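Q: These are the residues of each chain, in order.
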Amino acid sequence: MVRVIGFLVGLVFAGVLLISLISNAATYFQSPPAPLASDEFHKEPKEVRFASDGPFGKFDKAQLQRGFQIYSEVCSACHSMSLVSFRDLKALGYNEAEIKKIASDWKTQVPSINPDTGEAATRKALPSDHIPSPFPNEVAARAANNNALPPDLSLMTKAREGGSAYVYSILTGYQNQPAELLKKFPDAKTPQGLHYNPYFANLNIAMPPPLTSAGQVTYAPGNPAPTVDQMARDVAAFLAWTAEPNLESRHAAGLAVAIFLLIAAILGYLAYQQLWHEAKRAVRVTGPLEPENQAKTRRAKARQRVAG
Amino acid sequence: MATKAQSAEGPATTGHAEGGVRRRDFLNVAAVSFAGVGGVAALAPLLVQMAPSADVLAMATTEVDIAKIQPGQGIKTQWRKQPVFIRNLTPKEIAEANAVSLSDLRDPQTLAERTKPGKTNWLITLGVCTHLGCVPLGISEGENRGPFGGYFCPCHGSMYDTAARIRQGPAPKNLFVPDYEFTSPTTVLIGGTGKK
Amino acid sequence: MSFSWAKAYEPKHPVMRWIDERLPLPRVVYGAVGGGYPVPRNLNYFWNFGVLAGVFLTIQIVTGIVLAMHYYATTDGAFNSVNGLIMRDVNAGWLLRYAHMNGASFFFLVTYIHIFRGLYYGSYKAPRELVWMLGLVIYLLMMATGFMGYVLPWGQMSYWGAQVITGFFSAFPLVGEPIRIWLLGGYAPDEAALTRFFSLHYLLPFVIAGVVILHIWALHIPGSGNPTGVDVKDERDTLPFHPFYTAKDGWFAAAVLLVYAVVTYYAPNYLGHADNYIPANPLATPAHIVPEWYFWPFYAILRSFTVDFVLAAKLWGVLAMFISILLLFFLPWLDKSPVRSGNYRPVFKRFFWLLVVDVLILGYVGGAPISPGRIALGQAASAYYFLHFLVILPLVSRFETTLPLPSSISTSVLHGEEAEAAPAGQTKKRGGSVATATAR
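Protein chains in written order, with my numbering: chain U, 2 to 309; chain P, 5 to 200; chain L, 872 to 1311.
Mixed in with the good hints there might be a few duds.
So the derived label-pair ranges between C-beta atoms look like this [what the hints assert, rightly or not]: (1) L/Pro1209 <-> U/Ile6: 18 to 24 Å; (2) L/Leu894 <-> P/Gln82: 29 to 35 Å; (3) P/Ala45 <-> U/Gln176: 51 to 57 Å; (4) U/Val307 <-> P/Phe30: 50 to 56 Å; (5) P/Gly40 <-> U/Ile6: 39 to 45 Å; (6) U/Gln193 <-> L/Thr929: 54 to 60 Å; (7) U/Glu41 <-> L/Trp1204: 49 to 55 Å; (8) L/Ala1138 <-> P/Met54: 26 to 32 Å; (9) U/Pro222 <-> L/Ala1138: 34 to 40 Å; (10) U/Glu249 <-> P/Asp108: 52 to 58 Å; (11) L/Thr929 <-> U/Asn224: 47 to 53 Å; (12) P/Ala99 <-> U/Ala78: 55 to 61 Å.
In short, the hints are calculated from the structure, not lab data.
The model shown is predicted, which means the values in this text are computed figures rather than measured ones.
C-beta: ideal position from N, C-alpha, C; glycine also.
Chain U on its own, in the form it takes in the complex (with noise of 0.2 Å):
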């Protein structure tokens, strides 16, 4: 009974799928999906490495110094980083007076209350407050960047394909949109307000370039020249540790672990072998090579010989 209901269930669905495949097929050879732009015209993240790839990859302070200097004298003017606070700066080598100054120093600060009126009234940001959004709101974000809300970067690394890659090709990918696109797409040019860069996912963003020339950001002596290229891996170096900050203490952690775990393994392996073999041998004492029950086969054996 179950096996009839089954058999016709069975038939059904395949059925129901082979008309569902025939239709599409059919819809696909007769008029075929208009290809768009972005297929043929979009690029994968450049490649470029940065310290902290692999699984042995840390993270370059000066370079993230960098990184954040970028971000503080650039970005953050759009884009907040609200889940980094300014004593996570630590890890960058900054001492507890300078980042005490960072914070204070901050060009937004942190929504507090006047103590005698009660009004609405902002402080200068200490070191345990988060980095403080450069708008108030959505809708303060979207009124001052044409409608585009500028994401927070605090998880930019992780919440992209690509990561640090994916960052750097942005910022360096900015170019006029091809001929060759055109001529191709004419309904595709890049609309008012966004710009053209391959790199992003349909082709055309709303960031304007931010990193337009060399010396936009001055480095303290000791550090490389601060070329578009340069600034942009450090950058993209900064927001990896963002998004991170505790990768190197997961990456040492993580080879004590995996080498315990190997040399557990090992052991446990030996062990078992041992406790094993000796169960095999006695299998074999108590089993069919008992020299009784070889007897008893060889006068089986013999007894076949004769009747085949």
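Based on the hints, put chains P and L in the right spot on chain U.
A: Then chains P and L, alone, in the frame of chain U:
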């Protein structure tokens, strides 16, 4: 084959008994104890995650404006989610505190030890009774200050003097003095010296 | 336990005897996982995966309980509590979160291998039908738990995954939409949905643990199966679970945990989706909504039905998705071959491997962006899935010729030495297993 089986019997059951037992046990003991160490180590993150997280430890330092506190007045404010009493002692209260002999005190401390040099009139303590944690009375106008002129805890009758030292009642210690520093003559940063 | 040679529990330590006299837990443990549970001696490593599933259930419960100490189940606070507080400020928080995240993946991985072991070796056949069905109940509970857990961080995939999966119910006419609204406590995933998912996500693993106990109890009545599918006959066929299988399970668990550790520490986001690091936005749908990898085959089946035929395409998809799991409950009656193990069923074996390939294809289709080629591939693969269980297996099990079974487990362990000199064509029944006569 038969002979092999027979001879296999011997070492299998007798020869193992001595050197073999030790070898077998050693490997088993080694494997199990190694795994056991790992099991204990695995407990570490589970226990340590309950300790205060970095944001809690970041100790919001509280800056308090004390300009408006007149001698003889006090305010109640907050630090690390706990009540803090800030009192501006009058010269009479300071004299009373200094007149007490240390041998009379359960928790001997001078007023000078509990204030900053040159600012002995500013008494900044936690407003948490050291007995079982109630908030004592006496900081605000009109509250009962108890017979020693300081603070009075209504829960079990602990009585503190003008230097917030325990004089009578079940509390074992004086009201706790947190780390603080004067960032200006009229502002105090509690938790500010960063030592704790 | 029906094995007469199973060792009885004899507590050596006086404390253990004292406890056992008052609460017979020590003897139950001894008889279940100790020296008192005889297990076939010929088990291969595919038999390790049940215990591994138990290991990962434990890891999930332990890491989950400590994560719940820091998590905020509110739409405002959830994302920041996970990615701000737990990942950055809580001591070892990043480790616990990554362990829990990847623990779910490994829990499903070992469970799938465990299920496919059951499919190949006929573990679902009499007398273990209930073991199989309890296992399916565990699997369904796992799916519910995993789905709700993924919603909790309240990222883009959390939100839209919840939207899609609760949207299934609206496919059902009349009652569908009211049920969906009742499930969500609203018209879209919001505060009410999040808090109730948190509550249920905390509860279900303990329900799973209870069903696991029933699952193991039901197994221990007939005892464990084995790769030959031949029943245990006497003492020579078995070994006590402790120390032989505790040692085997122990070392292999360490090896699997090594793989788990490497993924957790060095590639913790590989199995996940970048979009879940974007806070949930009810007004913007991600480019490609996909569930976690362990749901991909079912997602492929769901999306394969694209044409209305009597019923709406969406309803076909939902029905097919549910039935693809429900049909597994009937497997013991769909596949009635008296031979259990695929080792002795050559035709069945080939179709089994076809099924494995088919499920892998379905997984690929479910996780990849939609394209006309992939839709067609998914439709063919979904059709095969249903045909396999509902049409092919019943027919194969009825008409196939199986290979002769070994006369006993210990015989097979000795690799066909002198003892297998039983003349060809013997059909002597021994202890309930039947070997079909064949001329090889």
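Q: Work down the list of hints and note, for each, if the structure agrees.
A: Hints, verified against the model:
1. L/Pro1209 <-> U/Ile6: 18 to 24 Å: For isoleucine 6 of chain U against proline 1209 of chain L, whose Cβ atoms are near 22 Å apart, the range 18 to 24 Å holds.
2. L/Leu894 <-> P/Gln82: 29 to 35 Å: Taking Cβ atoms as reference, leucine 894 of chain L and glutamine 82 of chain P lie about 51 Å apart, which means the hint is violated.
3. P/Ala45 <-> U/Gln176: 51 to 57 Å: Distance hint for alanine 45 of chain P, glutamine 176 of chain U holds at roughly 53 Å.
4. U/Val307 <-> P/Phe30: 50 to 56 Å: Given a distance of about 54 Å, which is inside 50 to 56 Å, the answer is holds.
5. P/Gly40 <-> U/Ile6: 39 to 45 Å: Violated - the Cβ-Cβ distance for glycine 40 of chain P and isoleucine 6 of chain U, about 53 Å, lies outside 39 to 45 Å.
6. U/Gln193 <-> L/Thr929: 54 to 60 Å: Holds - the Cβ-Cβ distance for glutamine 193 of chain U and threonine 929 of chain L, about 58 Å, lies within 54 to 60 Å.
7. U/Glu41 <-> L/Trp1204: 49 to 55 Å: 53 Å, holds
8. L/Ala1138 <-> P/Met54: 26 to 32 Å: For methionine 54 of chain P against alanine 1138 of chain L, whose Cβ atoms are near 28 Å apart, the range 26 to 32 Å holds.
9. U/Pro222 <-> L/Ala1138: 34 to 40 Å: 39 Å, holds
10. U/Glu249 <-> P/Asp108: 52 to 58 Å: 56 Å, holds
11. L/Thr929 <-> U/Asn224: 47 to 53 Å: Taking Cβ atoms as reference, threonine 929 of chain L and asparagine 224 of chain U lie about 50 Å apart, which means the hint holds.
12. P/Ala99 <-> U/Ala78: 55 to 61 Å: The hint (55 to 61 Å, Cβ to Cβ) holds, given that alanine 99 of chain P and alanine 78 of chain U are roughly 59 Å apart.
The earlier numbered hints that this structure contradicts are 2, 5.
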